[in-house]
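Number of protein chains: 2
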Amino acid sequence: MERLPGFRDFYPEPLPHQDQWSADARNYIFDTWRAVARRYGFREYDGPPLESLELYTTKSGDEIVAQLYNFTDKGDRAVALRPEMTPTLARMVAAHERNYKKPIKWFAIPQLFRYERQQKGRLREHFQFNADIFGETDPAADAELLALLIDSLRALKLTADDFVVRLSSRTAWRDFFARQGRHAEYEDDFYEVIDKLERTDSGQSDTKLRALGFSLDQVKAFIAAAEPTAELDAILKNLCARGLGDFVKIDYNVIRGLAYYTGVVFEAFDKKGELRAIAGGGRYDNLVKLISGGKVDLPGLGFGMGDVVLLELLKDRKVLPESSARLDVFCLIEDEALRAESLRLVQNLREGGSTVDYSFTPAKSDKQFKRALESRAAFTVKLERAADGALAVKMKNLKSREEKTVGLSEACKLIRTGLP
Amino acid sequence: MERLPGFRDFYPEPLPHQDQWSADARNYIFDTWRAVARRYGFREYDGPPLESLELYTTKSGDEIVAQLYNFTDKGDRAVALRPEMTPTLARMVAAHERNYKKPIKWFAIPQLFRYERQQKGRLREHFQFNADIFGETDPAADAELLALLIDSLRALKLTADDFVVRLSSRTAWRDFFARQGRHAEYEDDFYEVIDKLERTDSGQSDTKLRALGFSLDQVKAFIAAAEPTAELDAILKNLCARGLGDFVKIDYNVIRGLAYYTGVVFEAFDKKGELRAIAGGGRYDNLVKLISGGKVDLPGLGFGMGDVVLLELLKDRKVLPESSARLDVFCLIEDEALRAESLRLVQNLREGGSTVDYSFTPAKSDKQFKRALESRAAFTVKLERAADGALAVKMKNLKSREEKTVGLSEACKLIRTGLP
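Line order of the protein sequences matches chains V and X. Residue numbers 193 to 612, in our numbering, belong to the letters of the first sequence in order. Residue numbers 193 to 612, in our numbering, belong to the letters of the second sequence in order.
Simulated from the structure, these hints should not be mistaken for laboratory data. Note that this is a predicted model, so its numbers are computed, not measured. Just to be clear, a hint being listed does not mean it is correct.
To be verified - Covered by chain X, according to a simulated footprint, are these stretches of chain V (three or more residues, beta-carbon under 8 Å):
(1) 211-220
(2) 266-277
(3) 561-567
To be verified - Taking lysine-lysine pairs in the DSS-like style, the calculated list, with each CA pair at most 30 Å apart, reads:
(4) V:Lys-349 / X:Lys-605
(5) V:Lys-294 / X:Lys-586
(6) V:Lys-559 / X:Lys-605
(7) X:Lys-294 / V:Lys-586
(8) X:Lys-251 / V:Lys-312
Idealized CB from N, CA, C, for every residue including glycine.
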């Protein structure tokens, strides 16, 4: 039986094949995201992987349905596997924001889903690190969010040579559009052309822009000038104060496809420009109001960082750590008369916090030792009965090959206190 | 907009209401499960939350569909949100077992789903700690799995006064059934009566048993004798050697509803007997063969432990820790002229691994200090310009109220090296 197309199995390393997905690498990325988010004072939340379809159509219009993993459940509800976390988060925050001091700083690592009929071979799920701030309009919040984005990539051993965050502003584009005096009904169409500018043939873009009362030259001049708005200026200064100035640049090519952004928007890219965006986000000061049906009005901003492009980049830059799977101790049981006592030793070591394994069944000592080496154990321990009948533990450091014979409690202590 | 019935939102503490779900408690449970599984040398894996419906009907028959969260996807595939992890695991193991040394010891913490039309108010999802061993028929593997189960509950601060694992054996019941000389076609019906014995009126059970050629007295006598099989005896001895004998007892009332178990089966219960089973599992030596269509034959055994009953028990026993959310440092910014320098200090402290927060915008010093207390920060730090123009850090231990003024680099070092 096969897994469904577009879904992934995550195997422990060593992987069966190079192109398979590693549970170890996934854990490493998740652990790093979590650790950095916590250092920034962000708190973890989670919501259901399944939501009512309406939550997404309210936010993004009915066209979104073509990209959703949606269906009708047994209770005749129109539902969808979540394609993004922000609507769930906005729903949760709107329901209980009064319970929390502002600014609210929350993060989650949800699995997200999509289903486009025409896209064979593409993944239908991925994991995404989501971090959001609510209740603060000051650009200091945008800077804090960007600093978290940058530091989570730095914690994965990526440098300013590997990635850059391109900063832009819906406000700047709105001003540009307004200066031209065009009717607001063309505004979304205009943003759509800008969003696709880098992927579209110049002539085609120019034609589309002219139909909206602009020209490509005019737009390109605006992008090239890259005049920071007051918000962007404050953000740049803030990031420079933190020593993170090298990781960002103003780039008005970025505008973000999703309609709900209201202010600063940004995308992180690999510097070689070979991959899709590593992360993206921005300000969405009206979303909570929209999702809550007008009941709660709370400014918000956030980003999402997927696991797929990121993993590609980490592999390409060779900064993924070797699998973390290694034992602290492998317990050799060479004398079957001492199996019960050996199990007790294993138990003691594990209770002390060590990662311990052993052979379930009698096995030749060289086979057991081989298994210890394969498990990349730091130590072997072996119970021995001394001449006086007392039990002793023969410990071996598998790196230095140093050996030592100690009493039972000393062995536990030695391994507990940092493994000599 | 509301979330779907039967699904949960997980909020950071303090919770909006007592009966809401805590993301902090969930993380505490998940972290403990992970830590103990790793100490036992189990490796983490994961699979898709969505699988083909066939994976479940192959294992459990078509009747299972009534309990599944199943639907037809946009590609006309019959699919289901996973109701349990074992079929996915058996599929994954069957596909790549040759890549891994035996015994394979793996764990996962999947979210599982079900949808029974008639059950309003019941949860439709839960999380489950799954641990499994493949490639070992010796009862030593069963004992290792049971030890992991017991130690993961002990690590959550539950004791032998709080829970017990009731050990049983399909082999024992199969022998009992065979001794009666009844035709094998009645075997599953017989197990079904046994499985429901404790929840069914005696008269009714007796009638059903007599229809199958047994009597309730006879069955009760077999249960009361609780004669351990050779396997169970080996398991008990093994667990006693580890000092875990107090956590298990032979109890043939347990037989497990799922048809695929082949040997030892077990369930963990709270000792007050007020809750549903905390965990359950057993041996399923034929499942990999079944799922792989006969291609791979590998003995297996495993257990599942859900988060819902467990959380109820931990709350009842008052052993859930207070929320772990606390800051290491709150940085007070009282002199706005030093905001940039303060941001740099925040950055340095975070890079050193500390959890740090501060006020995004200018705020009165008592308001900032209140925020520091609310965040349960261990320390406040505040930049000050000394008479000679040099920057100094005023640190305050919020517990001892002790204060100290030190240089910038010393402050970072002091906080990095364990917070004085």
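Now the hints, each set against the structure:
no., hint, in the structure
1, 211-220, "holds (count 4)"
2, 266-277, "holds (count 5)"
3, 561-567, "holds (count 3)"
4, V:Lys-349 / X:Lys-605, "holds, 22 Å"
5, V:Lys-294 / X:Lys-586, "holds, 26 Å"
6, V:Lys-559 / X:Lys-605, "violated, 47 Å"
7, X:Lys-294 / V:Lys-586, "holds, 26 Å"
8, X:Lys-251 / V:Lys-312, "holds, 29 Å"
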